[in-house]
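Undergrad: Protein chains in written order, with this note's numbering: chain A, 1 to 240; chain B, 241 to 480.
The set of hints was computed from the structure by calculation and includes no laboratory data.
There could be a bad hint or two in this list.
A few chain A positions that, by computed beta-carbon distances, are all more than 12 Å from chain B [what the hints assert, rightly or not]:
#1 Thr5
#2 Tyr15
#3 Val121
Straight-line C-alpha distance at most 25 Å; calculated DSS-like pairs for lysine-lysine [unchecked claim]:
#4 Lys77(A) <-> Lys158(A)
#5 Lys254(B) <-> Lys417(B)
#6 Lys265(B) <-> Lys254(B)
#7 Lys158(A) <-> Lys409(B)
#8 Lys77(A) <-> Lys254(B)
#9 Lys376(B) <-> Lys158(A)
#10 Lys376(B) <-> Lys265(B)
#11 Lys368(B) <-> Lys417(B)
#12 Lys265(B) <-> Lys245(B)
#13 Lys9(A) <-> Lys158(A)
#14 Lys77(A) <-> Lys245(B)
#15 Lys409(B) <-> Lys368(B)
#16 Lys265(B) <-> Lys423(B)
#17 Lys423(B) <-> Lys368(B)
#18 Lys254(B) <-> Lys9(A)
Simulated restraints, written as ranges between beta carbons of each label pair [to be verified]:
#19 Gly80(A) <-> Asp453(B): 50 to 58 Å
#20 Glu348(B) <-> Tyr123(A): 47 to 55 Å
#21 Ser18(A) <-> Ala437(B): 20 to 28 Å
#22 Gly80(A) <-> Ala437(B): 49 to 57 Å
Just so it is clear, the structure is predicted and the values come from calculations on it, not from any experiment.
For glycine and all other residues, C-beta sits at the position ideal for the given N, C-alpha and C.
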Amino acid sequence: MSQITPLFKREFLGYFRSPVGYVFLAVFLTASVILAFFVGGFFRSNTASLETLFNFYPWLFLFLIPAAGMRLWSEEKRTGTIELLFTLPVTTLQAVLGKYLAAWAFLALAILLSFPMAITVAYLGDPDWGVLISGYVGSILMAGAYLGVCSFMSALTKNQVISFVISLLACLILLFLGLSIFNNALSAVLPTWAVDLLANFSFSTHFAAFTKGIIDPKDVVYFLSLAGFSLFLNVVVLER
Amino acid sequence: MIEVKGLVKLYGSKRAVDGVTFTVKRGEILGFLGPNGAGKSTTMKMITGFLQPTAGTAIVDGHDVTQDPVAVKRRIGYLPESAPAYGEMTVDEFLGFIAETRGFRSAEARTSQVNRAIGLTHLDPVRKQTIETLSKGYKQRVGFAQALLHDPPVLVLDEPTDGLDPNQKNEVRSLIKNMATEKAVILSTHILEEVEAICTRVIIISQGRVVVDETPAKFQARQPGARLDAIFRSLTQSDV
């Protein structure tokens, strides 16, 4: 376990050694605020909550998390540092976890930096803090699941563009599974139970409850197990 | 110290390494020669535990690399070909990271190891620079410093003098020679004089097999008076 610490530190600080981390944080915050205010109608909704912010997260994550995750392994492969990493006394699992947890912490930081929005809501009205906190918990968990998928995809290629595109595609499928338009189309060809089963694998289905203040263990388990399974595949691919 | 037993690596149907067997004792410097693509780097990658051998194994300081790769990695200092490193880190940060993963956890232990490695490789003038801004010679020395950092009993160096000017080459050679008394060293090279200058044994690999394993003096005695590269050419012609 202690071998994860130096890897985590290097990866996390790595975001701030180049402009990547700052650009990502700036774009993420600007985009989420624009979406919440202008598209979501933060003020028009006239409720003391961040639902208008959180509602866009599944869509924002769809583009931004593959952007944050695409370099995780493909960059190591392209620059050859993977050879350095795997001749240090670390196991593949430790390396995968160290990098993943660092990227997840970075994403959690991005999400939590929207906290001034919560303060604004508290200043203007009287929000339910339970609902706000559950929204943040859900967002961070969902980011973890997205990131797991992206980490796995980036281990498949040394090209960051390919890594981004296949991560986006994989996340898109996982997101679309829960949309009713998509499901209606599916139910024309598949039996209802199969459509329901597929819809259960969607990010949006599991995220919705969090934004309403419900932390359902089922949803927590879903996000964590999706991340866990992706990281398992990630290890398998790297050891091949 | 290093016992290589029947290493085989298959890439598809191509036998990149085809039953390589040799041993290196403490105090020996083994020069690893062969045309490009003969399997030198692949063999070294299998000894260091970066690649899984298709068959055979290597035993380093009593540890089998296929059974306990992490124990082997702890005992080896490895300089991969073209010395990959995390370019956005400074020399100090990078070597600090290596020291931390190599088990030097306290700040003092880390600093003293890093200072020792920087002293040995004369990196002092650039220690605060990011690695991507360094010249090729300095980058190569950073890779060398990284391999020496934990004072390992075994050194595996893939073209350690590649990209260095004649003076630096000399310096690296005398460094290797001085250290080798209590270490086992494998180094690959294309420079035949280098073998003559520092190696106590020479192995030539051609098409994945060992074709020569003897002292440099014996090797020269194969064709008395001939240049080394003429002997090399006649032995590896089948590769061309």
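Undergrad: It remains to establish, for every hint, whether it holds in the given structure.
TA: Status of each hint after checking the structure:
1. Its closest Cβ contact with chain B, about 8 Å, brings Thr5(A) to no more than 12 Å, contrary to its assignment away from the interface.
2. Some Cβ of chain B comes within 12 Å of the Cβ of Tyr15(A); the nearest lies about 10 Å off, and the non-interface call is violated.
3. At the 12 Å boundary, the C-beta of Val121(A) stays outside the reach of chain B, the nearest C-beta of that chain being 38 Å off.
4. Of the pairs offered as hints, the one joining Lys77(A) and Lys158(A) holds, with about 5 Å between alpha carbons and a cut-off of 25 Å not exceeded.
5. Between Lys254(B) and Lys417(B) the CA atoms are separated by roughly 36 Å; this puts the pair beyond 25 Å, and the hint is violated.
6. For a cut-off of 25 Å, the pair hint linking Lys265(B) to Lys254(B) is broken: about 31 Å separates their Cα positions.
7. As the CA atoms of Lys158(A) and Lys409(B) are separated by approximately 32 Å, the hinted pair breaks the 25 Å bound.
8. A C-alpha spacing of about 23 Å is found between Lys77(A) and Lys254(B), which places the hinted pair at or below 25 Å, so the restraint holds.
9. Between the alpha carbons of Lys376(B) and Lys158(A) the distance comes to roughly 23 Å, so the proposed pair stays at or under 25 Å and holds.
10. Taking the CA atoms of Lys376(B) and Lys265(B), the gap is about 32 Å. The hint is violated against a cut of 25 Å.
11. Pair hint Lys368(B) plus Lys417(B) does not hold up; C-alpha atoms about 29 Å apart against a cutoff of 25 Å.
12. Between the alpha carbons of Lys265(B) and Lys245(B) the distance comes to roughly 14 Å, so the proposed pair stays at or under 25 Å and holds.
13. Among the hinted pairs, Lys9(A) with Lys158(A) is consistent with the structure: their alpha-carbon atoms are about 23 Å apart, no more than 25 Å.
14. Taken as a hint, the Lys77(A) and Lys245(B) pair is broken in the structure, with Cα atoms around 29 Å apart against an allowance of 25 Å.
15. For a cut-off of 25 Å, the pair hint linking Lys409(B) to Lys368(B) stands: about 24 Å separates their Cα positions.
16. For the hint pairing Lys265(B) with Lys423(B), the CA-to-CA distance comes to about 8 Å; that is within 25 Å, so the pair holds.
17. Pair hint Lys423(B) plus Lys368(B) does not hold up; C-alpha atoms about 30 Å apart against a cutoff of 25 Å.
18. The hinted pair formed by Lys254(B) and Lys9(A) fails the criterion: a straight-line CA distance of about 40 Å is larger than 25 Å.
19. Taking the beta carbon of each, Gly80(A) and Asp453(B) are about 29 Å apart, not inside 50 to 58 Å as hinted.
20. Taking the beta carbon of each, Glu348(B) and Tyr123(A) are about 49 Å apart, inside 47 to 55 Å as hinted.
21. Checked against the hint of 20 to 28 Å, the C-beta distance between Ser18(A) and Ala437(B) comes to roughly 41 Å, which is inconsistent with it.
22. Separated by about 28 Å at the C-beta atoms, Gly80(A) and Ala437(B) break the suggested range of 49 to 57 Å.
Of the numbered hints given earlier, the model fails hints 1, 2, 5, 6, 7, 10, 11, 14, 17, 18, 19, 21 and 22; all others are met.
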